[in-house]
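The listed protein sequences derive, respectively, from chains A and B. Quick note on numbering: numbering that gives the first Met the number 0 labels position 269 of the first sequence as 268, and the sequence is numbered without any gaps. Quick note on numbering: numbering that gives the first Met the number 0 labels position 315 of the second sequence as 314, and the sequence is numbered without any gaps.
Among the hints, erroneous ones may be present.
Derived DSS-like pairs: lysine-lysine, alpha-carbon spacing no greater than 25 Å straight-line [said to hold, decoys possible]: (1) B/126 to A/432; (2) A/432 to B/100; (3) B/265 to B/224; (4) B/196 to B/126; (5) B/126 to A/267; (6) B/196 to A/432; (7) B/224 to B/180; (8) A/96 to A/332; (9) B/132 to A/259; (10) A/259 to A/1; (11) A/356 to B/175; (12) A/432 to B/294; (13) A/432 to B/19; (14) B/180 to B/153; (15) B/196 to A/259; (16) A/267 to A/332; (17) B/153 to B/175; (18) A/432 to B/265; (19) A/259 to A/10; (20) B/132 to B/224; (21) A/332 to B/132; (22) A/356 to B/196; (23) B/180 to A/432.
Here are some chain A residues the structure puts well away from chain B; computed CB gaps all over 12 Å [what the hints assert, rightly or not]: (24) 71; (25) 148; (26) 204; (27) 259; (28) 397; (29) 398.
Since the hints were made in silico from the structure, they are not lab data. Glycine included, each C-beta is placed from N, C-alpha and C at the ideal position.
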Amino acid sequence: MKLDIGTFHVKDIRFGDQTSYAGGVLTVNREEAAAVLNRDGALKKVRLEIARPGESVRIIPIKAAVEPRFRPDGRAMFPGYTGPAAFAGEGVTYALKGMSVLGVGCRSINGMNAMLDMSGPGAEQSYFSQLNQLIFLAENADPGEDNIRQENQNFVRAAHVLAEYLAAAVKDLEPEAWEHYDWADVSEQHLPRVAFLQQQCNIPNWIHGCSYYGYDLTGVPTTLVKPLESLDGALTGDRGSLPGNAVRTTYSYLNAPLVKRLLAEHGKTLDFVGILMTGHIEPIDQKKQYAHIIVSAATSLHLDAAIYMESHCGNVDVDYMMTMAALEDAGIKTVGILAENNGRDGRNPGKTYADPKANAIVSTGNTCEVYELPPMDVVYGNLNTIGQELYWGAWRDDAVCGPSLRKDGSLIVDAHMFLDHDGLLGWSDKTVKDF
Amino acid sequence: MKPVIAYVNQFFGQIGGEDKADYAPELRTGAAGPAQALQAQLKDAEITHTIICGDNFMASHTEQALEQIAGFLKELDCALLAAGPAFNAGRYGFSCGEVCKLAWERFHIPALTSMNEGNPGVELYRKSAYILKGHDTAAGMRKDVAAMAALANKLLAGEPLLGADAEGYFGRGIRKEVILKDHRSAADRAVDMLLHKLRGEPFQTEFLVEQEDRVPPLPPVDPSKLRIAFVTTSGLVPAGNPDHLPSGGSTFWARYEIGNRETLEKGEFISVHGGYNTGYAAENPMVLLPLDALKQHVRDGHIGSLHPYYYVLTGNQTAKGDAVRMAREIVAKVREDAVQAIILGST
């Protein structure tokens, strides 16, 4: 199975008459793009803005992040979601690198949205600050959809549609560079068989972790996904929600560093047999069932080893640690990747539940680390959602920290606010250390 | 020049050996014993005083010794307290640990010492002081003092520390997020760790799980004779959220009166919890606190009596240490009203 991604490196984005790409500059027809992303009329007051790395810009509440992609052979970029079903992960795809599309609202009723600073200390907490951003701001056309379950969905769909529209600007151009991926059958080499297990946070009628070919994986204990499908639009994140850490963005799936590194090792040091998307469920008896189902899937793949990503912190710790211990019991050598919840003072144990069999773990950060952030010259979206809405990482008032939003626009928030702060698909350049 | 105070025992303070171990605390001007070697390596800091105390005196008259030392510290300007090094000497480790703990907890003076990993003082005091990883005997004195000086200089200059391992001290039970200097990605760290684990080579986990942590349930109680309180992590609050309970990461709890109510009606109570669909609770708050059923059980004699408040925090993303602290606070509060058992409502 081969995937060739033709890349165009976007050094700047500008608004102009015709949506086009030349010499590293993406020109966007503002009105046309706004009309395309809202082709179903689900949004209103749509407006596009541009933010660049290093600018004094704060963006909140972010509901979706997608890399612009396009398939020259006519298949939908996100099959089953933005167009008819088709196979992803093979053939040719064009990608606009160095940029992302962000869908931004003016409310965050369920608090499951994120923030991005393009400069200052907040910028260090998200790799998205290093990308040029094409932002669309909008409201739901039907105020009836401004409820905790539905409020993000139109933004997420529109972000994917906009991403596909933008990348279509390069359809007749020769890519500047190529990324070649070959996921060949290397079973004859008898290398250790390794899978990448990803725990998804998905709770029915609430948090929808991700979809596979447009099919919502909520409530599904295991789904096998080919590595090249992940890099090519079969997995779409943030379908219904997007806090700073619990849910992955489509941008993150399309560029997942862990998938890329495992592919680089494929056929050399290991046999990367695939990605296993795994569910999370709340009742304790069903957690045990899920752990068995996940281990059963892992053993039917004849795994020797696994990398196992945790979705976030809290209730999922129980599912995660139970499953990790069961994987080790089944003889599958497992490395975990997770974020810790050490509390604001760092004196908390990090996980609500843990098992010593989980003896090899990469830590990507402390979700409760507190940050003070200076005001920014420009805010896209609605800064006043901080303190009003139920963000996990901001508060209306606090005995120690005071209110998250101060009169001058400066903030004191915790790491949950930052767009993919935890970088669990392998992005994070952070860890947690004993002090 | 920043003022530093040193602490040594009777032996290293050159008072005497085992026969002088009952020596009461003495405040001496300037640097004495190993503090002189420390002084020589300090930058822009002066050891203004050395406190000397016999190890037996500290062990057998701990309270008295610490009160005397507190009396010294109260009168002195001090940017840092440096005790020991204590090597593998158990009593000396205890003395150094107690003095460091006193300096930090009562006076907020950062304190450092040095002990060998076998010294029982390490586990007792690592959360109250920077305890450098030292040698087991005084033969390692020169190196231990040099390590203390290096860390002291950093602390005094306000330089950011690189973490317990990198600085050579025992972790203080504080976990802090750091951006790695080489920006090495979690992807590379995870795959490299996996390859080491597969090959049976040594590797270092970034999150150490030392023991499984389970709470064994207590035997059942007979509620018909008990006063019961209801506690919930559901984020259930009166409409308007008067105490600003957060949607995640609670650091405080609230309590609301239910003594005069029979039900919780739609519109009167909501949930601010950020980890589940709170729409159901908005429709009927009693899915989180079944007040009508609790009151009926009281009338039917199944429950002795009901405490007139319910206690609430938001479980979502709340750190475990905070949860334990809040549980203790709530238990202390309901005990004032002779509550004997708690129903902990889940979400």
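A quick look at each hint next to the structure:
A distance of roughly 15 Å separates the Cα atoms of residue 126 of chain B and residue 432 of chain A; the hinted pair therefore holds under the 25 Å criterion. With a C-alpha separation of about 23 Å, the suggested pair residue 432 of chain A and residue 100 of chain B falls inside the 25 Å cut-off, and the hint holds. Taken as a hint, the residue 265 of chain B and residue 224 of chain B pair is broken in the structure, with Cα atoms around 32 Å apart against an allowance of 25 Å. Taking the CA atoms of residue 196 of chain B and residue 126 of chain B, the gap is about 31 Å. The hint is violated against a cut of 25 Å.
With a C-alpha separation of about 45 Å, the suggested pair residue 126 of chain B and residue 267 of chain A falls outside the 25 Å cut-off, and the hint is violated. Using a Cα cut-off of 25 Å, the hinted pair residue 196 of chain B and residue 432 of chain A holds, with the two alpha carbons roughly 21 Å apart. Distance check on the hinted pair: residue 224 of chain B and residue 180 of chain B sit about 61 Å apart at the alpha-carbon level, beyond 25 Å; violated. Between residue 96 of chain A and residue 332 of chain A, the direct Cα distance comes to roughly 35 Å. Violation of the 25 Å bound is thereby established for this hinted pair.
With a CA separation close to 40 Å, the supplied pair residue 132 of chain B and residue 259 of chain A exceeds the 25 Å bound. Taking the CA atoms of residue 259 of chain A and residue 1 of chain A, the gap is about 14 Å. The hint holds against a cut of 25 Å. A distance of roughly 23 Å separates the Cα atoms of residue 356 of chain A and residue 175 of chain B; the hinted pair therefore holds under the 25 Å criterion. A threshold of 25 Å between alpha carbons decides the hint, and for residue 432 of chain A with residue 294 of chain B the separation of about 49 Å lies outside it, so the pair is violated.
Between residue 432 of chain A and residue 19 of chain B the CA atoms are separated by roughly 42 Å; this puts the pair beyond 25 Å, and the hint is violated. With a CA separation close to 18 Å, the supplied pair residue 180 of chain B and residue 153 of chain B stays within the 25 Å bound. A hinted pair counts as satisfied when its Cα atoms are at most 25 Å apart, and residue 196 of chain B with residue 259 of chain A qualifies at roughly 20 Å. The hinted pair formed by residue 267 of chain A and residue 332 of chain A meets the criterion: a straight-line CA distance of about 18 Å does not exceed 25 Å.
Restraint check for residue 153 of chain B and residue 175 of chain B: the C-alpha separation of about 18 Å stays at or below 25 Å, so the hint holds. Taking the CA atoms of residue 432 of chain A and residue 265 of chain B, the gap is near 46 Å; set against the 25 Å cutoff, the hint is violated. As the CA atoms of residue 259 of chain A and residue 10 of chain A are separated by approximately 23 Å, the hinted pair is consistent with the 25 Å bound. Only pairs whose Cα atoms come within 25 Å are accepted, and residue 132 of chain B paired with residue 224 of chain B is rejected, the gap being roughly 55 Å.
The hinted pair formed by residue 332 of chain A and residue 132 of chain B fails the criterion: a straight-line CA distance of about 32 Å is larger than 25 Å. Under the criterion of a C-alpha separation no larger than 25 Å, the hint pairing residue 356 of chain A with residue 196 of chain B is consistent with the structure, at around 13 Å. Distance restraint check for residue 180 of chain B and residue 432 of chain A: the Cα-Cα separation of roughly 13 Å lies within the 25 Å cut-off, and the hinted pair is therefore satisfied. Against chain B, the non-interface label of residue 71 of chain A holds: every CB pair exceeds 12 Å, the least being about 29 Å.
Not every CB of chain B lies more than 12 Å from the CB of residue 148 of chain A, the least distance being 6 Å, so the non-interface label is violated. A Cβ of chain B approaches the Cβ of residue 204 of chain A within 12 Å, the least distance being about 5 Å, so the stated non-interface status is violated. A beta-carbon of chain B comes within 12 Å of the beta-carbon of residue 259 of chain A; the shortest separation is about 7 Å. Look at residue 397 of chain A: its CB is around 7 Å from the nearest CB on chain B, not clear of 12 Å, so calling it non-interface is violated.
Chain B draws residue 398 of chain A into its interface by the beta-carbon criterion, the shortest separation being 7 Å against a cut-off of 12 Å.
Consistency note: the structure conflicts with the earlier hints numbered 3, 4, 5, 7, 8, 9, 12, 13, 18, 20, 21, 25, 26, 27, 28 and 29.
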